[in-house]
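Each chain sits in its own coordinate frame; assemble them with the hints.
Chains A and B, in that order, give the protein sequences. Take 251 as the starting number for the first sequence in the numbering used here and just add one per residue. Take 128 as the starting number for the second sequence in the numbering used here and just add one per residue.
If you are wondering where the hints come from, they were derived from the structure by calculation, not from laboratory data. Since this is a predicted model, take the numbers as computed values, not measurements. Glycine residues also receive a C-beta, built at the ideal position from the N, C-alpha and C atoms. Hints are supplied without guarantee of correctness; some may be wrong.
[Unchecked claim] Stretches of chain B that chain A covers, calculated by requiring three or more beta carbons in the stretch to come under 8 Å of a beta carbon on chain A:
1. 331–343
2. 347–353
3. 371–384
4. 389–401
[Claimed, not checked] Label-pair ranges, simulated between beta-carbon atoms:
5. S540/B <-> G310/A: 56 to 64 Å
6. I363/A <-> K433/B: 13 to 21 Å
7. I343/A <-> N216/B: 42 to 50 Å
8. S435/B <-> R378/A: 26 to 34 Å
9. M362/A <-> N216/B: 21 to 29 Å
10. S435/B <-> L261/A: 53 to 61 Å
11. P307/A <-> P465/B: 29 to 37 Å
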Amino acid sequence: MSAMLLAQQILNGLLDGVYYLLIALGLSLIFSLGGIVNLAHGAFYAIGAYLTLVLSPYLGFGGAFVAAPIAVALLGMAIERTLFRRFYRSDPILSLLMTFGLAMVAEQALRMIFGAPPLSFSIPPWLRGQVAIGSFIYSFYRVVLLGIAATCVAGLWLLLQKTSFGRVVRAGVQNPDMVGALGISLQPYMSAVAALGIGLAGLAGVLLAPIYSIHPAMGQEIITPAFVVVVIGGLGSFWGVVAAALLVGLVKGLMVGIGYSAASTAAIYLLMLLVLLFRPRGLFGERITRFE
Amino acid sequence: MSDNNHFTRRGLLKTAAGAALVSGVSAPAILRAQTADVIRIGHLTPRTGFLGPLGEYAVMAIDLAVEEINASGGMMGRKVEVLKEDSVNPQTASSKAERMIERDKVACIIGEISSASCLTIAQVASRNKTLFINTGANSDALRGKDCQRYMFHVESQNSMYVKTVGRSFLRDGLVKGKKWYSLTADYAFGHDLLKVSKRFMETNGGNFVGDDLVPTDATDFSAYLLKIREAKPDLVVINLSGNQITNFLKQYAEFGLTFPVGGFGFDTALAWAAGKGNFVGTWPVVWHHLLETPGSKAFVAAFTKKYSKPPENQAWGEYVAAKIVAQTVNEIKSAESPKIIEQFEKGAKYDVLKTRPGYFRASDHQLMHEMYAVTALPADKVKNQWDIFTSSPPVPGPDEDLEVIAATKEENSCTFPS
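Pulled out of the complex, with its shape left as it was, chain B reads as follows (with noise of 0.2 Å):
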C-alpha cells in the first residue's frame, strides 16, 4: 500500500542469508564433543503435537537421571552424555535414530510415547543391534505382533492398564451387566486400547451402549456429551489421549454430566490441566508423585527441586530407564546391546521407585512391576494443584505375581524376529 515496502531479489537474498546464519549457529549436532572416554545415549521423544506436553516432561527427567549417574561416577567410571532430538512423527523419529546410531555411535536409544514412532525406532534398532527402551507407548501390538528382539519396554502395555483400573470398577461393581459408553482416540493406540478394553469387557460380562471413535484433532466434544447424557451409561470410559482427555474432562464438568467416569489411559499432567473440580473418575497410572516408597520420595524431591514442579508419570518413565541401564552397564560392565539384553533377559532386577523390584518379562521385554489406579478427590477435599487424587495400593497386591496383569500368551503372543 506505499512505496517503500516494495520487495527486492537483493531483500531476499539478506535475508535468506541472515536466517541461514542464524540457523547455522543454533544448530547443536556440530558441536558434539567426540571424545572417546564418553558413553552416549540417545534420546527421541515428542516435543511437539498432542504428545508435546508430556515429551517435556520427558525431557526433565532424562537430563535429572544422566546427572545423577554422572555424580555417581557414570557407567564404568565413565562420563555419560545424553543427545536428545525431537522425534516429530514415524519417519522423523526413524531417520533422527539411525542418525544417532551410525553417526552419534550411542550405546542405546531411550525414550518415545507415541506407539507408531515406537515401533520405526525398535526397527532402526533392531537393524543396527542396538537396545531401545521404550518409555511411553502403550499399544500391546508392540509388546505381540511387532515385538523386537532389540525393544524393552518401562511403560506398561494397554493390557495392564485395562486389568489394573479394572480391578477398581469390578469392586465398584460398574462391570457385570452395566452399560459402557467409550469414546476413543482414532489412532493406532486408541484402536489397540479399545480392543483390550472389549476383551475386558466381555470376559466380564459387561457391555458397550455406545462407542465413539474422536479423530485426535477434535477439541470440542459437547456433540458426544449430548449423546452421552442421552444414552445415560453406567460408566464413561475414556481411551483417549493427549490434550483429549484434558478437553474432555473441562467440558464434562462443564456439561454437569455425573455418570461415573473411567478411563484406561491416562498421564497425570492431562489431569493437572484438567484443574480441581474438573478432573474426576478413576484412571490407571504406572506411577505417580504421591508414592511413599523411598525411591519416589528421594525422585519426587530431586526433581522439584531442579525444575520447581513435581514430577509426573512420563518422567519416571525416563528416570528409571536410565538407572536401569547404568546399573546394568555397571554390572556386567559392558556397554554392548547384545550383553545388556543378555543380562535383561535373564531376568534381572531394578529398582523402579516402588514397593517391589520390577523385571523385564523375557517373553516379550515388558517390565514386570506395579501400577496403581488414582481417583480424582472432590474439589473440596484439594488442597493444592498437584495432590489432586488418592491412590489405590499396588496391583497386583504383594502376594501376587507381578504377571498377573500383564497380557496372557494367548491375549498377546511375541515371537522375536531373529
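Here chain A stands alone, though its shape is the one from the complex (with noise of 0.2 Å):
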C-alpha cells in the first residue's frame, strides 16, 4: 500500500470516527449524570433519520435538518420527564431494563408505521459532489459533515466549561448531593441535558440519512460502537470521548486499509478490552465518588 493511499485512510478512518462521536457524546452526559445507561439512544438516532424523511418534501433538507434533531430533542425531554425521572436513584439494571425495553418499542413503531423494508433518500444535489485536498479526493457531504460535527463538539464543549449552565451540570456529574445542598435542584438541568444528548442523536440522524441505509433496526447498527467509544473513553470526559471516537474510527479503518477488513468490527473491541484490562476507567476517565 502506498503511502499516500495509509495518509488517505488514516484521515478517513478520523472523520468516521466523527460520527460515533455525536452519538457518543450524549451517551455519555446522560450517563454521567442521571447515571441511566441509556439503551434506547440508537433508536433516537433512527427516529432523527427518518423525520428527515418525512420533513424534506415540505421543508428541504435544510429544514429538516434544523427541525428533525429540534423534535427529536423535545421527544427526548418528554421521555426523560415521563420515564428516566423516575430511575435516577434506584438501581442501573432498572433503568437499563427499561431503555431497553423503549429501544424496542421505538423500533417496532417505525416498523409499523413506515414498514419493514428500507426506505431511499439521497444527498440534496447541493451537497453532492467530490473535494480535492491536493490528491486526496474526498466526498464533499463528508466534509460538510465533519464541519457540522465539529461545531457541535466545540459548542457542546463551551456550553459544559463556559457557561453557569455548563458548571452546575458537571457538579452534578461529581456530586449531586452537594449541589442539592446548594440549593439547586437538578431536574430541569437533567431535562435539558436529556434534550442535549438526544437531540444530538437526532442530528447523527439526520447527517446519515443520505448515505446510510434507513430501516427500521438502524439505531441497533450505531449504538454499539458508540457504547465502545464511551467505555474507551471514560465517564465524565468529554476529550476522552473524543478521543475515544477518533481512535476507533481510526482504528476500524486502518483494519481496512492494511488488508484486515474482516478483522476491523473485532479490532474496536478488542481495543476496548486493552483499555478495560490497563485503565478501567477509560482513557481520560475522571474519577466519580458515586460510581466507584
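Listed below in C-alpha cells is the structure:
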C-alpha cells in the first residue's frame, strides 16, 4: 500500500470516528449526570433519520436539518420527564431494562408506521460532489458533515465549560448531593441534558440518512460502537470521548486499509478490552465517587 | 434526584404482573383452532435483523398466496391455514420448526432467507420426515454437502446467480483479462458466493485485484471505497447482502466512483432503498415485478392491490412455493410429505410465473427455472421509485436446457443422507 493511500485511510478513519462522536457524547452526558445507560439512544438516531425523510419534501433538507433534531430533542425531553426521571436513584439495572424496552418499542413503532423494508433517501444535489485536497479526493458531503459535527462538539464544550449551566451540570456529575445541598435542583438540568444528548443523536440521524440505509433497526447498528467509544473514553470525560471516537474510527479504517477488513469490527472490541484491562476508568476517565 | 422516585419491591411486582398480563394476551399460539379439516402450513423467515426487510415481503406474499388458494377451494377441499413466526437465528429457527411440526402438525414448512437458519430447519424437517421448501437461502452447500431429502429449493443457488449475471459480464467484455475488486459479506452466504465467483473468474480468464471481507454489521464503506479508487478495477463485484448492499450503493454514488458495478447476490428491495441515481450496475434476480408474463402480471396486480406497493423477488419465492404445494396436494390427493416429495422428484412441472414452467431437479432438489439480469437505469430515465432497472431476456434462452446455469455434479454434488 502506498504512503498516500495510508495517509488517506488515516484521515478517513478519523472522519469516520466523528459520526460516533455525536451519538457517544449524548450517551456519556446522560449517563454521567443521571446514571442512566440509555440503550434507546440508537432509536432516537433512527427517529432522526426517519423524520428527515418525512420532513424533507416539505422543508427541504436544510429545513429538516433544523427541525428534525429539535423534534427529537423535544421527544427526548418528554421521555426524560415521564420515564428517565423515575430511575435516577434506583438500581442501574432497572433503567437499563427500561431503556432496552424503550428501544424495542421505538424500533417496532418505526416498523409499524414506515414498514420493514428500507426507504430511499439521497444527498440533496447542492451537497453532492467531490473536493480535492491536494491529491486526496473526498466526498464534499462528508466534509460538510465534519464541519457540522466539529461545530457541535465545540459548542457543547463551550456550553459545559463557559456557562453557569455547564458549571451546574459538571458539579452534578461529580456530586449531586452537594449540588442539592446548595439549593440547586438538578431536575431541570437533567431535562436539558437529556434534550441535548438525544437531540445530538437525532442530528446524527439527519446527517447520516443520505448515506446510510434507512431501516427500523438502524439504531442498533450505531449504538454498540457508540458504547464502545464511551467505555474507551472514560466516564465524565469530554475529551476522553472525543479521543476515543477518533481512535475507534482510526483503528477500524486502518484495519480495512491494511487488508484485515474482516477483523475491523473485532478490532474495536479488542481495543476496548485492552483499555479496560490497563485503564479501567477509560482513557481520560475521571474518578466519580458515586460510581465507585 | 427526587424523593418520589424511589424504587419499591411492591412497585416492581405490580409492573411485572402488568407485563405478564400484556404478554399473555398477545400470545397467539394459545388461540389456535384445533379443527381437523384444516391443513396447516408453517412459515419461518427472519423478520428482524439485517434480513428482516426481505422477510417482510415473504410474509406479505405467503398471506396473499394462502388467501388465493383458499378462494379457489383450498387443498383437497380443506381450508389452508398458515402459521407464521420470526426465525431470528439458526437456533431459534430450529426450535420453532420443531414446535410447528410436533405440536401444530404442519403439513410442510416454507420460508427462510438466511443460509445458516435454512440448514437447521432442514435438519429438523428431515428428522421428522416433513417437507421444507427453502424460498430465500442461496448457498450452494445447501444443495451440495448439506443437502437433505426433505428440503427443496425454490430460491436459486449461488451458482445460478453467478452464471446468469456472468453472461452479461462476458457479453460486455468485463471478464477475460480483466481486473475485479470484490467485497464479500463475512458469513456463510458470502463465503460460498465468493468461492463460486472465483471459480467463474478462473474458468473465464479474469483475476481479482482486490478481495475484502466485510463484517455483516458494517455500515460505512468509505475505507473500502478509497481502496477501490486506488486499485482502479474494471469491475467492482458485490457479494454483499441485506442492508450492506444499500449502504454500499449510496456511498459509492456519494464518492463519485464510476467503475462498472456488478453483483452476484441481490434483492430488489435493496435497490429500491438505494434509490434512483444511487442504484447502479448489473445484478442477477430470480424474478422481478416488470416481467411481462400473464402469471407475473396477475401476481403483481394482486399484490399491489393488497399492499399498495409492488412485490420484490423474495415475495415471488413464497408465492410460488405455496402455489406449488397446493397444486401438488390437489393433484396427488394427499398432503403426506413423502408423497409430495415423490411427485416433486418425478419432475412435475409447475407454473412459476415465467415463460417456461419450472421443475425440481431430482439430484439436488433445486428448482430449475429462468433467471434474469437487471441493469440500473440512468437517473434521468427513471419514471417512478419502483421501475428503476431494465431486464435481460430470460436466462437460459428459449433454446437452452434450464439446467445450463445450475451447478454441475462436479461443481457441487449432493448425496442425500438416508
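*Could you check the structure against the hints above and give me the numbers of any it violates, in ascending order?*
Of the numbered hints, 7, 10, 11 do not hold.
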